[in-house]
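Undergrad: Sequence:
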Amino acid sequence: MDIRKNVSRRKTAYSPAAAGILAAAFALLGASAASAQEAGPSSRGQEAVSSLDPDVFDVTFTVEGLTDYVSLRGYSQTDRAPALQGTVDMKFHDFHVGFFASNVDFGTPEPHLEFDPFVAWRPSFGNWSVDLTYYYYTYHDVPDQDYPEFFNSLSYTFEDVATVTGTFAYAPNYFGQDDTGYFTKGAIEVPLPHDLSFSGSLGYQAFEKDRYREHFVWDAGLTYEFNDNVSFDVRYHDTDIDADAFCTGAFQCGSTVVASVAVSTSLSEIVGKFAGR
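Numbering-wise, the sequence shown is residues -36 to -1, 1 to 241 according to mature numbering (1 follows the signal peptide of the UniProt record, and there is no 0).
Just so you know, the hints here were simulated from the structure itself, not pulled from any lab data. It cannot be assumed that every hint is accurate.
[To be verified] 16 Å max Cα-Cα, derived EDC-like pairs, lysine to aspartate or glutamate:
no.	residue 1	residue 2
1	237	192
2	55	22
3	173	142
4	55	17
5	55	233
6	237	22
7	173	143
8	55	95
9	237	17
[Claimed, not checked] If you anchor each label on the Cβ, the simulated ranges turn out as follows:
no.	residue 1	residue 2	range
10	206	121	32 to 40 Å
11	209	134	21 to 29 Å
12	59	155	23 to 31 Å
13	121	142	33 to 41 Å
14	238	209	51 to 59 Å
15	184	206	19 to 27 Å
16	240	134	41 to 49 Å
17	137	209	20 to 28 Å
18	121	184	16 to 24 Å
19	189	212	36 to 44 Å
A virtual CB, placed ideally from N, CA and C, is assigned to each residue, including glycine.
Work the whole structure out from these sequences, hints included.
TA: Encoded structure:
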């Protein structure tokens, strides 16, 4: 239900917005292929392999297992059950297209699958980083719950000390409920010795109409980077919502601790290994 069944064929097609995002992904792939052709043949492909520059073009693949899928706004999306999630992120310079997918359980026959295509612009200027991302959240076989959201984030990194981030998100037709959602969040990440880092955030969810649903949400946790591809995270989540009154059924929103393990790699890393780099 935010930034982020019987999985049968969807009864309705994906929305034009989602289709447009996927079309942009294929267009980006086509442009990359055309650029490769213009460069001319290499010596048995070795030059092409060696010239793959991850700062220009790359594709990142991430798979993550979690003990619970807690949304950005503090609600469980799996009725406190485990989740398996995947993300594909293709970049060309500072432009990104991709998708996020996860199992969900809203306590109803459908949906059981969330699929969120996105497009983004994520440049960096010295210690500053910008993230402008458009998501379109889709829920298999329940198109009435699909909705878009615009994320705007600005980060600043204090060398070897901390990274602070401010985020504002705007969601018209939030969760298909004919209401507009506004989400603001401040976050900090602090590197620690022994490949550990601490991170936490405090956010506030507001609505244009249903003010009674407005609430604070926060989290704090430790991440251990086992190596460049594997990380472990343990995180505390909570909200100031009256859980007994407003968090009944599958959408639990009380305090909880979530453990997760993430495995990631990239096209440039895979190509580099095959090239013997």
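Undergrad: Give a verdict on every hint.
TA: Hints, one by one, checked against the model:
no. : hint                     : in the structure
1   : 237 with 192             : holds (14 Å)
2   : 55 with 22               : holds (5 Å)
3   : 173 with 142             : holds (9 Å)
4   : 55 with 17               : holds (11 Å)
5   : 55 with 233              : holds (14 Å)
6   : 237 with 22              : holds (15 Å)
7   : 173 with 143             : holds (6 Å)
8   : 55 with 95               : holds (13 Å)
9   : 237 with 17              : holds (14 Å)
10  : 206 with 121: 32 to 40 Å : holds (38 Å)
11  : 209 with 134: 21 to 29 Å : holds (27 Å)
12  : 59 with 155: 23 to 31 Å  : holds (28 Å)
13  : 121 with 142: 33 to 41 Å : holds (40 Å)
14  : 238 with 209: 51 to 59 Å : holds (56 Å)
15  : 184 with 206: 19 to 27 Å : holds (22 Å)
16  : 240 with 134: 41 to 49 Å : holds (47 Å)
17  : 137 with 209: 20 to 28 Å : holds (25 Å)
18  : 121 with 184: 16 to 24 Å : holds (20 Å)
19  : 189 with 212: 36 to 44 Å : holds (38 Å)
In the structure shown, no violation is registered for any of the earlier numbered hints.
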